[in-house]
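So the protein sequences, as listed, match chains S and F.
At position 135 of the first sequence the residue is numbered 115 (our numbering), and the sequence of numbers has no breaks.
At position 187 of the second sequence the residue is numbered 919 (our numbering), and the sequence of numbers has no breaks.
Just so you know, the hints here were simulated from the structure itself, not pulled from any lab data.
Check the hints yourself; a few may be wrong.
Covered by chain F, according to a simulated footprint, are these stretches of chain S (three or more residues, beta-carbon under 8 angstroms) [what the hints assert, rightly or not]:
id : segment
1  : 160 to 171
2  : 198 to 206
3  : 224 to 235
Pairwise CB distance ranges (calculated) [as the list claims (entries may be wrong)]:
id : chain 1 : residue 1 : chain 2 : residue 2 : range
4  : S       : I70       : F       : E853      : 43 to 49 angstroms
5  : F       : L1173     : S       : V28       : 35 to 41 angstroms
6  : S       : L137      : F       : I962      : 55 to 61 angstroms
7  : F       : D1149     : S       : L137      : 54 to 60 angstroms
Taking lysine-lysine pairs in the DSSO-like style, the calculated list, with each CA pair at most 27 angstroms apart, reads [said to hold, decoys possible]:
id : chain 1 : residue 1 : chain 2 : residue 2
8  : F       : K1033     : F       : K1067
9  : F       : K1026     : F       : K1050
10 : F       : K1156     : F       : K1141
11 : S       : K(-10)    : F       : K1029
12 : S       : K205      : F       : K1033
13 : F       : K1029     : F       : K1109
For every residue, glycine included, the Cβ atom is placed at its ideal position computed from N, Cα and C.
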Amino acid sequence: MNVDFNTAAKAAIGCWATGSLLSLFVRRTPILKLPALMLSFAGSLVMVGFIASYWSLLDRPPLRTLGETRLWYAALIPLVGFLVEYRWKIAWLKFYCMGLAAFFLVINMLHPEVFDKTLMPALQSPWFIPHVVVYLVGYVMLAASSVTALHNISLQLRSKGNVNGESVSHYLALLGFVLLTFGLIFGALWAKEAWGHYWTWDPKETWAFLSWLAYLGYLHACRYKIDRGKLQWYLALSFLVLLVCWFGVNYLPSARNSVHTYTQS
Amino acid sequence: MHIFLLVTVFKEKIFWLNNIICLILLWCYILDVCNPLMRMVFFHQAYFRYIVMVVVRRRWFQTPWEFRESSLGAALIVVAGFILQYATSGQGVPPLHLPLNAVILVLFAVLTLGVGLGFRENRLVQWLGGIPLGLSLIVALALLSLIGGVIPQGEVAPGSLPALLGVNQIFSSWPFALTVLLFLANLGLSLSWRLVPFSMKNIQFILFHAGFWIALSCGVFGSPDIQRLIMKVDEGGESNMAYSRESDSEQQLPFSVFLHDFSLEEYPPQLFLYDPRKNHALQELAKTTTLVHKGVKASWKGVAVEVLDFLPNALPGKNGIPEPADRTAGVAFAKVRITNTNAVPTYAWISSISPMMKPWAAPIGELLLVMAPGTPKAFRSDVTVRGESGQLVTATLEVNHPINVMGWKLYQMGYDDEAGRWSKYSLIEVIRDPWLPAVYLGFFMIMAGNVLFFWNGIKQKEVAS
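Put together the whole structure using the sequences plus the hints.
Structure follows, in structure tokens:
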């Protein structure tokens, strides 16, 4: 990653930090509401701008390595926080989201990756962008759902009623599940074109299937008589499966022949 | 209705109090304050300084069957699968081929629909098609997939415990097959109740569940019919023989492939520091190096390297200066300036490698600066496919761009890795999957159902606010 990244990342983190700081005073001085929002929003805009310039510099979408996908999370996760605030008037989520985004950027600053323009032939496909983008947005939704569920649990433990929060985590999980399904099927259709079969139980596929099953289970449990409050635990923990799928698979013994490990060689 | 009361009194064991509390709870139960499923009631009374925990429980196999019976059912089917796997010495599910597998699948579907519609009111059938069993089977499938997602899948020594239990080939093992079968029955039953009587309100449910049923069943039942074979075709040669990954025995195809030309494009080469004593490339330089082109700079532990000139295709010329050459023979050359912190800069030409030429390297201390060929950007084969009845198809095969010929799909798979772009042959994978259209139908139904799901979810959200 080039020098511009550090500047962009620092600018974005700076925007989020000052935006968050200002919003703490919004209750006392309501006039700060707009600048606080604008600053937080500007942080994501900086990242979107950086991704655009990085894309043109690389001559390919920056979606291949984990470091590159972290850029997208950093740009998109705060947007989910703003959307939730706008839609459900829940303000606290955006702070977690901006914190998470800043965390991703810091990881990238600490581990500058190989500046590598090459894209192996199997990844040069019209399916590449939809497959990865759908998963990115899906993971973002499910991450937000899991954070909301954790917040709901903490409210439960303090015996505070919170119906609104439970519906937020539910709808985020619902949207996330739909996107996971699209990602899974796009991946299958692409695999047929690139590797000859739509499903080979590649470790990454297996874990994607597992995380899909986890959320499928959630939706059915929700449909049945199971208490939504208890399901917050389920939602909070399901994200762990996703994390294994996202980061962990490459470290598992089963992954030695995976077609999804691009950076090992 | 059976009620199972568990009363625990802490601090003091006052039995008469116990009985009174039981009576109160019974009364609560009758008033439907208590949930018939299971509920824990905590009584805090500071005056008596005791806590009573009461659990109102269902008994095993009390109708209607719910999660407990369902979990047992799912666990039993998995255990039965492992026993069967063990009893057949780890053979796994015998592959059934067309038309037998299709006949069995259709019979299974008809049976599921028939039972679902004919015995709709039957408690057992309702349980078989209910959410509790569905959820338990989702968990069972997830656990089996977890085995497949953690334990490396592939060949192990026959007769060893993993092989006997099928955990090294979990997705073609009996436990997985039986769980999928029961899952399909569960899914099929729930589907039958939504299909008849038909209502547009159920269309989203039907698309998603029927799509999943079709994709899963056809994917699982159809997998023995998939043929994946590899052809090795020489440039200027023709072949109709292919071999499978599993066995080296060749088999004849109903068509032949003539390879006109194999070509490979590479990304620019990369700079590496090579340690001749240890015979391995040092990664430090590679990490900071971009692809080689004129003007590139790289540094490693006080050594700075700058590329002053770059010739993508050249051959050694007079006086040790390379001259541009034809792409078929030439390799990449770069003129580099090497600057050590406390020495005069040195200049050198380095080159990448080809079967005809050894690479040129530049010494840096005890190490060598080398230029590795770029990674493949694209490779393709110009082929003509000739069918048994003489029809001809001419096409270019490329990764991600397979072609369809006579019911087969042809993929650009590989080439002679040692020779790189000078490879004289091409590896082509030929695949036939007669079940593919059915699986794709399922996929598209799921996606259509999903679009509705998404839409309805958003609409519900509007209502919820």
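Could you work out which of the previously given hints the structure breaks and list their numbers from low to high?
When the structure is compared with the hints, only number 12 turns out to be violated.
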